[in-house]
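*Asks:* Letter by letter, the chains look like this.
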Amino acid sequence: MTKKGQLEMGITLMVIIIFMVILIASLILYFRFTYTQIEENKESILDQRYNSLLNVIIGLPEFRCSKAGVESECLDASKLDGFREVSDSNSDYYKTIFGDVEEIWIEVIPENGKDYYDQIEYNIYGGSNGKGVIYSVPVSLFYPDYKKYKIGILKIRGIL
Amino acid sequence: MKISEKPIFELGKKAQSEIIGLAIVVVLLIFALIFFVSVKNNDDNLDTRLIRTNLRANSALNALMKVNVDNDQMSRLIEDCLKQKDQKCDVAHNSLKTFLDHIFEEDYYFKVLDIGNNILIVNNNEFAFGVDCKTSISASPYIFRGLGKAELKICT
Chain A
39 MTKKGQLEMG ITLMVIIIFM VILIASLILY FRFTYTQIEE NKESILDQRY NSLLNVIIGL
99 PEFRCSKAGV ESECLDASKL DGFREVSDSN SDYYKTIFGD VEEIWIEVIP ENGKDYYDQI
159 EYNIYGGSNG KGVIYSVPVS LFYPDYKKYK IGILKIRGIL
Chain B
10 MKISEKPIFE LGKKAQSEII GLAIVVVLLI FALIFFVSVK NNDDNLDTRL IRTNLRANSA
70 LNALMKVNVD NDQMSRLIED CLKQKDQKCD VAHNSLKTFL DHIFEEDYYF KVLDIGNNIL
130 IVNNNEFAFG VDCKTSISAS PYIFRGLGKA ELKICT
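Chains as they are written, first to last, in this note's numbering: chain A, 39 to 198; chain B, 10 to 165.
Some hints here could point you the wrong way.
Unchecked claim - For lysine to any residue, the following SDA-like pairs were computed, each having C-alpha atoms within a straight-line distance of at most 20 Å:
#1 LYS22/B <-> ILE49/A
#2 LYS92/B <-> ILE152/B
#3 LYS193/A <-> ASP110/B
#4 LYS80/A <-> LEU109/B
#5 LYS23/B <-> ILE147/A
#6 LYS185/A <-> MET74/B
#7 LYS186/A <-> MET74/B
#8 LYS80/A <-> VAL46/B
#9 LYS193/A <-> THR62/B
#10 LYS186/A <-> VAL100/B
#11 LYS186/A <-> ASP79/B
#12 LYS158/B <-> GLU111/A
#13 LYS42/A <-> LEU109/B
#14 LYS106/B <-> ILE147/A
#15 LYS158/B <-> GLU114/B
#16 LYS105/A <-> ILE152/B
#17 LYS97/B <-> ASN77/B
#18 LYS23/B <-> LYS80/A
#19 LYS106/B <-> ASP95/B
#20 LYS117/A <-> GLU159/A
#21 LYS186/A <-> GLU27/B
#22 LYS185/A <-> LYS92/B
#23 LYS186/A <-> ASN103/B
#24 LYS186/A <-> LEU109/B
#25 LYS186/A <-> GLU88/B
As the list claims (entries may be wrong) - Sample of chain B residues lacking proximity to chain A, with all beta carbon distances greater than 10 Å (derived):
#26 VAL48
#27 LEU73
#28 GLN82
#29 ASP141
#30 LEU156
It should be emphasised that the hints constitute simulated quantities derived from the structure, not laboratory data.
Glycine included, every Cβ here is placed at the ideal spot set by N, Cα and C.
Produce the entire structure from the sequences given, and follow the hints as far as they go.
*Replies:* In structure tokens:
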């Protein structure tokens with residue numbers, strides 16, 4: 039083989055090696071990016087789903103305040119207080135509404151006392167040992183026996 | 010065995026400039042790719058954040074205006090405060106701060122404006138809480154008829 043041929047072989051080899059390195063690096067980057075994007079899409083879909091669910095829960099007549107058939111923008115604490123029994127006896131129905139959420143509950147700013155007016159948490163659905171992501175929205179709670187409003191944080195724990 | 014008499018750094022000027030040109034093109038392509046990827050990701054996240062924050066902002070403002078402080082609702086306290094700047098303003102101011110800190114983990118900006126669109130100030134207490142941010146989602150303002158309004162923004 040002539041010197042020129044050897045030189046050209048060397049250059050070709052170098053080009054192939056560099057090309058392979060760039061190709062492998064690009065493939066690794068591409069797959070990592072795709073994986074991250076899939077994860078983000080999953081997160082985004084779950085985020086939208088659970089935020090829609092928060093909206094649905096706020097609008098459920100089982101919780102919503104109403105007076106003489108007219109609804110107002112708050113949750114009735116007396117309804118929340120007794121809801122657990124209702125959901126347990128109609129679990130199939132509420133499973134279709136709440137889907138695969140692990141837990142739904144409302145946290146209220148604490149005050150002293152034992153009445154439902156002073157309850158600091160309303161457990162609406164599911165158990166409390168989940169590890170899923172928590173989505174929350176502030177809500178207005180109405181206590182009809184006292185004719186007073188408090189602020190609660192409606193929280194749902196979604197699946198991971 | 011000797012492959013080449015000239016090492017690679019002694020290539021002709023034309024070859025050197027071609028390699029530099031190629032390198033520049035590759036670098037530009039990489040920058041374009043990174044830019045595209047980052048812009049696309051931001052767009053996706055923004056849509057989801059907008060939906061979530063809008064619900065939070067409106068619901069939070071509604072809950073804040075309805076909550077009872079002692080025997081008065083917050084909206085009534087602020088209304089009275091806008092009419093006659095008395096001691097109820099201090100109660101409203103302190104309660105607002107407590108509730109807002111309890112509700113939000115993220116940055117927010119809440120303010121009460123009088124009819125002239127100035128922030129309400131009573132006894133050196135400014136009815137503006139949190140930090141005004143560049144990008145935010147605003148709740149529909151709560152109007153105190155003929156007196157002013159309350160606005161809430163959640164930073165995104």
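*Asks:* Compare the structure with each hint and give your call.
*Replies:* Quick rundown of the hints versus the structure:
1. Of the pairs offered as hints, the one joining LYS22/B and ILE49/A holds, with about 17 Å between alpha carbons and a cut-off of 20 Å not exceeded.
2. For the proposed pair LYS92/B and ILE152/B, the alpha carbon gap of about 14 Å is at most 20 Å, so the pair holds.
3. Under the criterion of a C-alpha separation no larger than 20 Å, the hint pairing LYS193/A with ASP110/B is consistent with the structure, at around 17 Å.
4. Annotation: proposed proximity of LYS80/A to LEU109/B is violated, straight-line Cα distance about 31 Å (limit 20 Å).
5. Taken as a hint, the LYS23/B and ILE147/A pair is broken in the structure, with Cα atoms around 76 Å apart against an allowance of 20 Å.
6. About 15 Å separates the Cα atoms of LYS185/A and MET74/B, which keeps this hinted pair within 20 Å; it holds.
7. Restraint check for LYS186/A and MET74/B: the C-alpha separation of about 12 Å stays at or below 20 Å, so the hint holds.
8. Among the hinted pairs, LYS80/A with VAL46/B is consistent with the structure: their alpha-carbon atoms are about 17 Å apart, no more than 20 Å.
9. Note on LYS193/A and THR62/B: the hinted pairing holds, with a Cα-Cα distance of about 15 Å set against a maximum of 20 Å.
10. Taken as a hint, the LYS186/A and VAL100/B pair is honoured in the structure, with Cα atoms around 17 Å apart against an allowance of 20 Å.
11. Taken as a hint, the LYS186/A and ASP79/B pair is honoured in the structure, with Cα atoms around 9 Å apart against an allowance of 20 Å.
12. With a C-alpha separation of about 19 Å, the suggested pair LYS158/B and GLU111/A falls inside the 20 Å cut-off, and the hint holds.
13. Distance check on the hinted pair: LYS42/A and LEU109/B sit about 78 Å apart at the alpha-carbon level, beyond 20 Å; violated.
14. Our distance criterion of 20 Å between C-alpha atoms is met by LYS106/B and ILE147/A, whose separation comes to about 14 Å.
15. Pair hint LYS158/B plus GLU114/B does not hold up; C-alpha atoms about 24 Å apart against a cutoff of 20 Å.
16. Of the pairs offered as hints, the one joining LYS105/A and ILE152/B is violated, with about 23 Å between alpha carbons and a cut-off of 20 Å exceeded.
17. Restraint check for LYS97/B and ASN77/B: satisfied, since their Cα atoms lie roughly 13 Å apart, inside the 20 Å limit.
18. A threshold of 20 Å between alpha carbons decides the hint, and for LYS23/B with LYS80/A the separation of about 51 Å lies outside it, so the pair is violated.
19. The suggested pairing of LYS106/B with ASP95/B holds, with an alpha-carbon distance near 18 Å, which does not exceed 20 Å.
20. Straight-line distance between C-alpha atoms of LYS117/A and GLU159/A comes to about 13 Å, which keeps the hinted pair within the 20 Å bound.
21. Between the alpha carbons of LYS186/A and GLU27/B the distance comes to roughly 79 Å, so the proposed pair goes past 20 Å and is violated.
22. About 25 Å separates the Cα atoms of LYS185/A and LYS92/B, which puts this hinted pair outside 20 Å; it is violated.
23. Of the supplied pair hints, the one linking LYS186/A and ASN103/B holds, its CA atoms being roughly 19 Å apart against a limit of 20 Å.
24. For the hint pairing LYS186/A with LEU109/B, the CA-to-CA distance comes to about 19 Å; that is within 20 Å, so the pair holds.
25. Annotation: proposed proximity of LYS186/A to GLU88/B holds, straight-line Cα distance about 18 Å (limit 20 Å).
26. With 10 Å as the threshold on Cβ separation, the claim that VAL48/B sits away from chain A holds: the shortest Cβ distance comes to roughly 13 Å.
27. Not every Cβ of chain A is farther than 10 Å from the Cβ of LEU73/B; the closest lies at roughly 7 Å, contradicting the non-interface assignment.
28. Listed as a non-interface residue, GLN82/B fails to keep its Cβ farther than 10 Å from every Cβ of chain A; the least gap is roughly 7 Å.
29. Every CB of chain A lies more than 10 Å from the CB of ASP141/B, the least distance being 20 Å, so the non-interface label holds.
30. Even its closest Cβ contact with chain A, about 21 Å, leaves LEU156/B beyond 10 Å, as expected for a residue assigned away from the interface.
The structure does not agree with the numbered hints 4, 5, 13, 15, 16, 18, 21, 22, 27, 28 stated previously, though it agrees with the rest.
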